[in-house]
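Enquirer: The primary structure of each chain is shown beneath.
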Amino acid sequence: MTDQVTGPDQFTGATPDNAIRNADREERSGPMLAADGRPLKQSLNRALRAQKLRALALIAPLLVFIVITFILPIADMLFRSVENQIVSETLPRTVVALEDWDGDGAPEEAVFRALAVDMTIAAELKEHTRLGSRLNYETTGISSLFRKTGRAVDDVDELYVDQFEDLNEAWEEGATWATLMGSEDWIEDRAEWAAQVEAAEAAQDAATTAEEAIAAAFEEPAPRFELADQARAAFPSAAPLYSRFAEISQVENEDSLFREEPWPAVYEALYADLLAEGGEGYQGPQADLVAEAAQAVSGFETISARDAFADIDEDWLDSDVWGTIQAFSDPYTAGYFLSAVDLQLSPEGVVAQPDDQRIYALLFQRTLFMSMVIMFSCVLLGYPIAFLLSNLPMRTSNILLILVLLPFWTSLLVRTSAWKVLLQQQGVINDTLVWLGVLADSNRLELINNQTGTIIAMTHILLPFMILPLYSVMKTIPPYYVRAAKSLGAKPSTAFWRVYFPQSVPGIGAGCILVFILSIGYYITPELVGGTTGTFISNRIAYHISQSLNWGLAAALGSILLAVVLVLYYLYDRIVGIDNVSLG
Amino acid sequence: MELHPYASLGEKIWHYAFYVICGLIFFFLIAPILTIIPLSFNAENFFTFTPGMLAFEADAYSLRHYQDFFTNSSWQQALANSVKIAPMATLLSVAFGTLAAVGLSQPHVPARRAIMAILISPMIVPLIISAAGMYFFYSRIGLQGTYLGVVLAHAALGIPFVIITVTATLVGFDTSLTRASANLGAGPVRTFFKVQMPLILPGVVSGGLFAFITSFDEVVVVLFVGSAGQKTLPWQMFIGLREQISPTILAVATILVTISILLLTTVELLRRRSERLRGMSPS
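Quick note, the sequences are listed as chains A and B, same order. At position 461 of the first sequence the residue is numbered 461 (full-length UniProt numbering), and the sequence of numbers has no breaks. At position 154 of the second sequence the residue is numbered 154 (full-length UniProt numbering), and the sequence of numbers has no breaks.
There could be a bad hint or two in this list.
As the list claims (entries may be wrong) - In silico DSBU-like pairs for lysine-lysine, Cα to Cα no more than 35 Å straight-line:
(1) A:52 - B:194
(2) A:475 - B:231
(3) A:491 - B:194
(4) B:231 - B:84
Calculated from the structure, these hints are not laboratory results.
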């Protein structure tokens, strides 16, 4: 350490001299190099990248965890608030046929035909009741209409079934249809399978012990139906419909196609196909039967699907029902959001809800109004406490702070039950007031199950959230400004309002936003002490999730509430900063 | 807050009036919680003080509501569920949260603000919205009504508290200690457990306590995500308050107040210890 550092030039670290020299050298001989010969800049970047990756690797597990357990659920809720695939999924043909309807009177025959097919499938899958309850949110009465129609839809085309069967009894047999529509491969596979089943049954009958019987059992399901190309070409509407019938019978009901007679709608479709093309050129199995039917169909009696549906229920001729179906046939809808702000999607466009159903504007207003009242009560009660705590000596204020932190740490349910006990008509507060003679026994105060109850209980519950940020701001206000103001002749009140108060405003802002955010999303306390007039929008959300099962509307209300909270939170971040969230 | 000797009469009146006002507000804060404690020893099925209680007659007090709590099977089942759910949720939040907090306090984290916002979001979003979203999504993936579903939901709610307390502790952490440890030949894992962990332990424990309390006290989310098999203590209280209100709730409330006093003391002691430890470190 003696000879080596005789002058500044000998230092190898980052001295100003060295930096200048390095810069000169760089100009002369290219970029500065690190020990391993790479350019220094590149080397540093690499080290930085490694550091970033390490930090991200530490954060990644939690980030994935939160995204799965929390962010995706929120996204799901937002999605559900606009999602409306149920109509177009349950009634796909009807929705397409209904596109040309002008909204005046009942739609034309083609729409009812499509409805007959859609309803048959929906009733088979038991999806019509779900759709009925969904559309019932928009127009009351649709639910029962759908349920009734689902039971009776098979009657619509019964006439065609009868006529086909009168013509030839073979049409009654499931086997006739299966051989007519099924591909050769499938029929072969199926015959093989049937033989195996028979053999297994025979073996089971012959078995003497239970073990043998179990060993002999043949559990394989029947081979899945395949449509013959010939049938597809000859019967453009009946073949796909039969194929759908086969799929539902085999998968949902586990029936044998050789025993099941198809839906009446399939008969009607075959009738339509034969009438249009006469079954010409069909050479496949059952060709004789088809030819016979093709000759007869022109003489068949016909029935209007429209009349048949009108027979089931007059409402099918009502343009309101069809208007609702058309209005909600898009896979995505703004309908839930419109309902959430007391509007509705009607055939004439967006209109206001009928007067007796406008509740959400009132509910949002009430939520905001009561949150404001709670916020102001918290400022009013919190400000003196925070002022006292920040001006007392540390030791005393720490003890008093416990009185603030104890409610903060006490279970929410405990505090709510305390208020429920205190505020009852036969509760402690009323008893005390009667005992003191302030009140007569006959007119005890109604303090619970109304807005008063909610405001009192929530002010108490949220007060610590006002006091703590206020206190942390007030602690940093230096006492000498007020002293200076007083020494310059200000009265104590002037000194307070002109000098101290403005410095505490950031604390008030932070506390207010915090209390407001917490209060507009509160559920438990309003539910327990709010009765019917003291409840918030969140209670309505819970009601729609668990009782009315209108999840879309619950999601839309939740999305609006979430948007309000996020805006407020953004303000909070601008005023206070995320990182300054204090936990007392 | 000393009153200066030359204060006018008005100032004196205002000064004492201010103390009285503050006293009343403190009373408002603390009295509801303190009132339920004697009421829970009520010998009758009432929610108010009986004349006997006011006269301090021994007969008017009893432990019957506590006895009910400890013998009634639905309360015991609820307690057991709470005890099963809260520690698991806490464990998950603390494990993931501490790791991420260490990552977040590295000097170069890309998109730190965005990540922080996502991680803290469960604390910001109103519980009813979290509950609705979780209910929808968890029923899609088959977690609704399961123990695992409730634990995951509660862990998500507890994570922001762990992140906040642990990052706050790490702000005062002297990074030259980890460099020294690495210099002396310890690997990153050994450094974390031997050097960093003991110093940030108070923050981790108090974050864990917050997470525990969040889960133990939580009712909205469990009400939707859970099914009857996951009925927790707050859920049972909620039902009790809404439907058949029984004084057993007051006994439970008193027990919970006692627990929260214990937890509050623990967190305060930990905070002091953490400050002392940080005061010792050379930063």
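Enquirer: The structure should be examined with respect to each hint, and the outcome stated for every one.
Expert: Results of checking the hints against the structure:
1. A:52 - B:194: 23 Å, holds
2. A:475 - B:231: 43 Å, violated
3. A:491 - B:194: 59 Å, violated
4. B:231 - B:84: 11 Å, holds
Hint check: violations occur at hints 2 and 3; the rest are consistent with the structure.
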